[in-house]
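With the hints as constraints, model all of the structure from the sequences given.
Protein chains: 2
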Amino acid sequence: MISVMEALELVMNQTMQFTNEMVKLSSAHGKRLMEPINADHDFPPFDRAMMDGFAISFEKWQNGQRNFRCHLTQSAGEPPQDCGEEECIEIMTGAVVPAGFDCIIPVEQVTCFSQQQVQFDESRNVKFQQHIHFRGTDSKEGERLIDKGTYLRSHHIATLASNGYNNICVQSQPTIAIVATGDELVEVNATPLAHQIRKSNVYAIEALLSAFSSNIQKFHLPDEPAVIESWIRSVSLTFDLLIFTGGVSKGKKDYLPGIWQTLGYEKIFHGISQKPGKPMYFGKKENQLLFGLPGNPLSSLFCARRYITPFLQSQLNILLPAPTIELLTPLENKTSLTQWIPVQFLNEHWITVSFNGSGDVNGIEACVGFIEIPPHTIHTRFPLFELP
Amino acid sequence: MISVMEALELVMNQTMQFTNEMVKLSSAHGKRLMEPINADHDFPPFDRAMMDGFAISFEKWQNGQRNFRCHLTQSAGEPPQDCGEEECIEIMTGAVVPAGFDCIIPVEQVTCFSQQQVQFDESRNVKFQQHIHFRGTDSKEGERLIDKGTYLRSHHIATLASNGYNNICVQSQPTIAIVATGDELVEVNATPLAHQIRKSNVYAIEALLSAFSSNIQKFHLPDEPAVIESWIRSVSLTFDLLIFTGGVSKGKKDYLPGIWQTLGYEKIFHGISQKPGKPMYFGKKENQLLFGLPGNPLSSLFCARRYITPFLQSQLNILLPAPTIELLTPLENKTSLTQWIPVQFLNEHWITVSFNGSGDVNGIEACVGFIEIPPHTIHTRFPLFELP
Numbered sequence: 001m002i003s004v005m006e007a008l009e010l011v012m013n014q015t016m017q018f019t020n021e022m023v024k025l026s027s028a029h030g031k032r033l034m035e036p037i038n039a040d041h042d043f044p045p046f047d048r049a050m051m052d053g054f055a056i057s058f059e060k061w062q063n064g065q066r067n068f069r070c071h072l073t074q075s076a077g078e079p080p081q082d083c084g085e086e087e088c089i090e091i092m093t094g095a096v097v098p099a100g101f102d103c104i105i106p107v108e109q110v111t112c113f114s115q116q117q118v119q120f121d122e123s124r125n126v127k128f129q130q131h132i133h134f135r136g137t138d139s140k141e142g143e144r145l146i147d148k149g150t151y152l153r154s155h156h157i158a159t160l161a162s163n164g165y166n167n168i169c170v171q172s173q174p175t176i177a178i179v180a181t182g183d184e185l186v187e188v189n190a191t192p193l194a195h196q197i198r199k200s201n202v203y204a205i206e207a208l209l210s211a212f213s214s215n216i217q218k219f220h221l222p223d224e225p226a227v228i229e230s231w232i233r234s235v236s237l238t239f240d241l242l243i244f245t246g247g248v249s250k251g252k253k254d255y256l257p258g259i260w261q262t263l264g265y266e267k268i269f270h271g272i273s274q275k276p277g278k279p280m281y282f283g284k285k286e287n288q289l290l291f292g293l294p295g296n297p298l299s300s301l302f303c304a305r306r307y308i309t310p311f312l313q314s315q316l317n318i319l320l321p322a323p324t325i326e327l328l329t330p331l332e333n334k335t336s337l338t339q340w341i342p343v344q345f346l347n348e349h350w351i352t353v354s355f356n357g358s359g360d361v362n363g364i365e366a367c368v369g370f371i372e373i374p375p376h377t378i379h380t381r382f383p384l385f386e387l388p
Numbered sequence: 001m002i003s004v005m006e007a008l009e010l011v012m013n014q015t016m017q018f019t020n021e022m023v024k025l026s027s028a029h030g031k032r033l034m035e036p037i038n039a040d041h042d043f044p045p046f047d048r049a050m051m052d053g054f055a056i057s058f059e060k061w062q063n064g065q066r067n068f069r070c071h072l073t074q075s076a077g078e079p080p081q082d083c084g085e086e087e088c089i090e091i092m093t094g095a096v097v098p099a100g101f102d103c104i105i106p107v108e109q110v111t112c113f114s115q116q117q118v119q120f121d122e123s124r125n126v127k128f129q130q131h132i133h134f135r136g137t138d139s140k141e142g143e144r145l146i147d148k149g150t151y152l153r154s155h156h157i158a159t160l161a162s163n164g165y166n167n168i169c170v171q172s173q174p175t176i177a178i179v180a181t182g183d184e185l186v187e188v189n190a191t192p193l194a195h196q197i198r199k200s201n202v203y204a205i206e207a208l209l210s211a212f213s214s215n216i217q218k219f220h221l222p223d224e225p226a227v228i229e230s231w232i233r234s235v236s237l238t239f240d241l242l243i244f245t246g247g248v249s250k251g252k253k254d255y256l257p258g259i260w261q262t263l264g265y266e267k268i269f270h271g272i273s274q275k276p277g278k279p280m281y282f283g284k285k286e287n288q289l290l291f292g293l294p295g296n297p298l299s300s301l302f303c304a305r306r307y308i309t310p311f312l313q314s315q316l317n318i319l320l321p322a323p324t325i326e327l328l329t330p331l332e333n334k335t336s337l338t339q340w341i342p343v344q345f346l347n348e349h350w351i352t353v354s355f356n357g358s359g360d361v362n363g364i365e366a367c368v369g370f371i372e373i374p375p376h377t378i379h380t381r382f383p384l385f386e387l388p
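Just so you know, the sequences run in chain order A and B. To convert, note that position 82 of the first sequence is 82 in the numbering used here; the numbers rise steadily by one, no gaps. To convert, note that position 227 of the second sequence is 227 in the numbering used here; the numbers rise steadily by one, no gaps.
Misleading hints may appear alongside valid ones.
[Claimed, not checked] Simulated pairs of lysine to aspartate or glutamate, EDC-like, Cα-Cα distance not exceeding 20 Å: (1) A:K252 x B:E108; (2) B:K278 x A:E108; (3) A:K199 x A:E187; (4) B:K140 x A:D360; (5) A:K199 x B:E78; (6) B:K24 x A:E187; (7) B:K199 x A:E78; (8) A:K250 x B:E90; (9) A:K24 x B:E187; (10) A:K199 x B:D42; (11) B:K31 x A:E365; (12) B:K252 x A:E108.
Simulated from the structure, these hints should not be mistaken for lab results. All values reported here derive from a predicted model rather than from experimental measurement.
Printed below as a string of structure tokens:
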């Protein structure tokens, strides 16, 4: 069996081929940009007032002028007004600084303003070009603003909008099939017989991965090799990612690994020294990746969070280190398996959540995610894998 | 002016009145549960095999029996089969352990299995009730599984599904209006004149808050008090949250604070000792909250992230401490204002992103969020406020 870190590396080494698509600005957030974005004009587009105050010619100030006639007001959104340089112009933040003016004196430094006459405070220091954001000092027309391949966060949406990008070329989201296997499973709205249980893993994994794709379909296959084989041969072909839950262990009815081999999937690994989730399988065929998750609810969800989530984050170019949390008391892993322990945040502290094994999804109500403890270690600080 | 912490507390002290709504299981993820969830049956619902192996009667083992006749197989999803206790049953993980059997011997401990005879390894330790997950040991029918008020994460979706909840009562999402003000603003698809700029803040804030509501509407109002007043009196009434950008500073055309006062909004604060975003306003009227964000792109987005995001998280019962990041070198804030500095993760390190002031949204392409430095401090570790 390989370690968690080895398994993660084998997953992360894979890349997927995505197509591109054009989306509206309102749908671009959270997607990966697939065209470079250049400035369509200078930023700022004009010499822009950064304070409310009065625009003057600095030369006049240097020559000792402190009283200025003022009969014009320049507001944001108005074309620049025409005015002699011996006068001053009352100006608002965001307004164009008209030609010939190169200094703004804030409104607080006016000692008297009445009858179209402004008098400035002698004692204040006034600098050439102060409080003006000059045209093109942020970015020049044609300059690269966002590189192709960037994950689009909220601030990028502002850049796209201010540069006139109403339609944006982004990476298509992966198409994902989540397949429950097992004859014991019935629908959520069914009343299970004594030996049956309702399907739940596919719903939880769909929720977990919903941030990455709105093209997720759920399936349920019986423990019949011929049916499973035929589904994989036909329906599965349209999906980028196949995620199976259950049927990957060593039981008599754990047909899946055998079927995948028959159908030409390359096994990348089968079995990880971790708890829960030891029997996990990972394989591929052409441009399709295949995750075989164990059937227990916590096993399948934690495996999906630990391997599939970072893989999809890397394909979006958004992968960041997991945040670190600190427990009140050290936690020891005496086993030779990496352990995943659910945690909650209670009374300003991080603590572990006790539960009754990997089937007990009901028991981790308070859990916000899990921490990872490597084998034979004792620590207080751990990476947190939040469950969205 | 109040501090960032004082402002945050004043925001977080507010609560909103939300209605409840019924949603399908597939739409419940990321919402706040508004009914308690109880177990609709015992978990597990039957004595469940936890290993692939053979079910025996422990009494027979204790009496020295090591060879068992075996002509039945019990798979997951099958009703329990009937078999004499002197025999054993081949059993699969997840299957019902039939009555009379109370011990499972893993398949690895079989020394010989042929012609319907199983011989077990003498030397292995076998315990009463081993490898059986007994009915009701995780949760009993009727037991509380998820409290009312819980934020629904992916593992809760598994609990809802396995307990047959197809329709779930959740808190309605807030209705949010994001209002751009300013005569200088034109549409994204327009070509701005020399003194104009395209609207961008409303798109960025919409993206930022999209995780909290799909009921977000964007508006643009001119710098005309009568139009603004009439919009607030009529259209704004249907929104839980009003977010204005621009028009809250001290300029001649910064009409908003005066209009809000006229219309009966209670000012909770106006001005925070922070950079960017100093002129931010916060007020309320009846059950409606009003955020007046400064007009510069970084000011409005960072203020929304620092105040509105945690407020909405608290209303969903999802608020967690911001993760801490460590810079390579200490960062000093010599000013008396709290500073927000954009950061990026590059070559496995967190570093600051240099930019050209709060108008320079184009300049922070690489930024994944910002850190906060209190006034007159020097630190290496900072809370990270990620920008989704």
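For each hint, the structure was consulted:
Distance restraint check for K252 (chain A) and E108 (chain B): the Cα-Cα separation of roughly 13 Å lies within the 20 Å cut-off, and the hinted pair is therefore satisfied. Restraint check for K278 (chain B) and E108 (chain A): satisfied, since their Cα atoms lie roughly 16 Å apart, inside the 20 Å limit. Simply put, K199 (chain A) and E187 (chain A) have alpha-carbon atoms about 6 Å apart, close enough for the 20 Å limit, and the pair holds. This hinted pair checks out: K140 (chain B) and D360 (chain A) have alpha carbons roughly 12 Å apart, not beyond 20 Å.
This hinted pair checks out: K199 (chain A) and E78 (chain B) have alpha carbons roughly 16 Å apart, not beyond 20 Å. Taken as a hint, the K24 (chain B) and E187 (chain A) pair is honoured in the structure, with Cα atoms around 14 Å apart against an allowance of 20 Å. For the proposed pair K199 (chain B) and E78 (chain A), the alpha carbon gap of about 16 Å is at most 20 Å, so the pair holds. Restraint check for K250 (chain A) and E90 (chain B): satisfied, since their Cα atoms lie roughly 13 Å apart, inside the 20 Å limit.
For the proposed pair K24 (chain A) and E187 (chain B), the alpha carbon gap of about 14 Å is at most 20 Å, so the pair holds. A C-alpha spacing of about 16 Å is found between K199 (chain A) and D42 (chain B), which places the hinted pair at or below 20 Å, so the restraint holds. With a CA separation close to 15 Å, the supplied pair K31 (chain B) and E365 (chain A) stays within the 20 Å bound. Our distance criterion of 20 Å between C-alpha atoms is met by K252 (chain B) and E108 (chain A), whose separation comes to about 13 Å.
The structure shown violates none of the earlier numbered hints.
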